[in-house]
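Engineer: Use these hints to put chain H with the ligands onto chain A, whose structure you have.
Each protein sequence line maps, in turn, to chains A and H.
Start counting the first sequence at 29; every next residue gets the next number (the UniProt record's numbering).
Start counting the second sequence at 29; every next residue gets the next number (the UniProt record's numbering).
If you are wondering where the hints come from, they were derived from the structure by calculation, not from laboratory data.
Mixed in with the good hints there might be a few duds.
Remember, identical chains collapse to one label, so a pair may be satisfied in a single copy or spanning two.
[What the hints assert, rightly or not] Straight-line Cα separation of at most 27 Å, BS3-like style, residue types lysine-lysine; simulated pairs:
id	residue 1	residue 2
1	Lys317	Lys229
2	Lys251	Lys227
3	Lys119	Lys333
In this text the structure is predicted, and so the values were computed from the model without any measurement.
Number of protein chains: 2
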Amino acid sequence: PALAQPPVLIPAPLPSWNEGPNRQAILDFVARVTREGGPDFVPPNERIATFDNDGTLWAENPMYFQGLFAFARAHELASKDPVLAQREPFKSILAGDQAAIAKFGEHEIAALMAATHAGMTTEEFNAIVRRWTETAIHPRFQRRYVELVYQPMLELLAYLRANGFKTFIVSGGGVDFMRVFAESAYGIPPEQVIGSSGKTKFEIRDGRAVLIKQADIGSIDDKEGKPVNIDLHIGRRPTAAFGNSDGDLAMLQYAAGGPGARLMLIVHHDDAEREYAYDRQSHVGRLDKALDEATQRNWVVVSMKRDWRTVFPAR
Amino acid sequence: PALAQPPVLIPAPLPSWNEGPNRQAILDFVARVTREGGPDFVPPNERIATFDNDGTLWAENPMYFQGLFAFARAHELASKDPVLAQREPFKSILAGDQAAIAKFGEHEIAALMAATHAGMTTEEFNAIVRRWTETAIHPRFQRRYVELVYQPMLELLAYLRANGFKTFIVSGGGVDFMRVFAESAYGIPPEQVIGSSGKTKFEIRDGRAVLIKQADIGSIDDKEGKPVNIDLHIGRRPTAAFGNSDGDLAMLQYAAGGPGARLMLIVHHDDAEREYAYDRQSHVGRLDKALDEATQRNWVVVSMKRDWRTVFPAR
Ligand SMILES: [Ca+2]
Ligand SMILES: [Ca+2]
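Isolated chain A, as found in the complex (with noise of 0.2 Å):
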């Protein structure tokens, strides 16, 4: 016969999480942190979670977005300059050229980024990207980039918050490129996002103060790059962080070295049928060396396919 149910008063956390160990030790690990008096109580000004962003919190196939992203643009730049249009690497994109593109070396990206990516205001730039992030429609899923986050990930960033942690990006992806939709996808404001910047340049246009975008590279915000940024923009030890790869793995290993209970945790994409399958082959995402540590050290291993009740947002 069956018991009566209890009354559930406050809705359960991480709901589209299946029950099972690895829901458990994100919510174990929550309740040591914040239990006052507790061995491993952490004050809130201390709670620091990082999130790795490509293939964490929003996918990374065919490619990362922000490539999408340059490609698009140096479609449209070209398709408006004919001189443009006559130059590599805009030619290649220009004509769909696919055998040319997956040639593309050094010199063809650093041209593109170039374009792309440099020679206007931060302003500009934003304004740009935004547009973007409002048209551009994902080839398999037919949504715009932005709905591709990962519902589960939203709600262990909201459940992490609601207990007093502070949520950052740490990713390899362009730092400006991602404030422009960290705020409204993920409620994380552009203070609380670190990646890879392109140095800018001040300067007086019209009487006003602005900074304009450069080619040259300011910090790539990968592998021991990860600690090393997280140092210089939080000036702390995380609490917990969040990654799907080899380039997560000094991050992770940085959270792991401080005292007291840690989480650190990797997304295994193992679910072809919903979102991708791939970790120590994969040109994009490389997960080798981590998926290695993260078994050896008791790290928690997310499969996409068995923890996930769904990937992404109901529509």
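Structural biologist: Just chain H with the ligands now, kept in the frame of chain A:
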């Protein structure tokens, strides 16, 4: 005949500020940007206020306090190391040879900074700075340096935060040096402190991830470097900016370059009796071009002597 006064229910803001146009300009600005539906309303997430530190939030004489820290630390290191004690610049520092010290050039300063600010983990450096803040005493005021913060500016920080502003330090001082005391002294957490920085190197030591401070300079957060770093770290234009020298001019111009109501404020040190008096000719905190531009553009120029009822907090 005197009118009956209404009962005062809420303590007046900025109690250490004398009434007058400068205090009123602050109150008016905050009223405008917080009035919902008003023409100058700024949503809370966009209320960003940036403060210079040396000479704006705490004193900077007889030299930048971080310089005094470096000398004290060099003295400590040289007194324990006979080899170092025989080498310049440590020999002159150990001997207290003021004439030699006054002649230190780039080479000596670089050696001093390398010995006192590099070659250790970030956590070791923090512990050394913390010990200094707890023990070192200012020669004139006979107080710890962290007690030489400006009471009116503490009230201004608190007043802005009470009105939804996020307060940041944007200073030429070392970011990790300032973070040691910024939270207890100003209520500004490490992730809201922006400053000059050296490079750091990620290493695994005894199985634990650490960052080692390097002697190489990462970023000088002064002059045009201030708006550049504000964009890199915050990603929004400040609505309000506070400084005291020409090193803050670009930051003030950057704040002024945004739309709607803005507050640009300069602390003018004109109080030799209670603090120090210096401006156009000073080697530390020179205020010359920024004073002209502030006058011309009607920015708030605070007279320490006339506008501040008290300078330092009561003991
Ligand atoms: Ca990733
Ligand atoms: Ca200053």
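Engineer: Between Lys119 and Lys333, at a C-alpha cutoff of 27 Å, which is it: within one copy, between copies, both, or neither?
Structural biologist: Result: close neither inside a copy nor across copies, 41 Å intra and 66 Å inter.
Engineer: Could you figure out if Lys317 and Lys229 sit no more than 27 Å apart (CA to CA) within one copy, between two copies, both or neither?
Structural biologist: between (38 Å within a copy, 20 Å between copies)
Engineer: Is it within a copy, between copies, both, or neither that the alpha carbon of Lys251 lies no farther than 27 Å from that of Lys227?
Structural biologist: both (20 Å within a copy, 16 Å between copies)
Violated hints amount to a single one, hint 3; each of the other numbered hints is respected by the structure.
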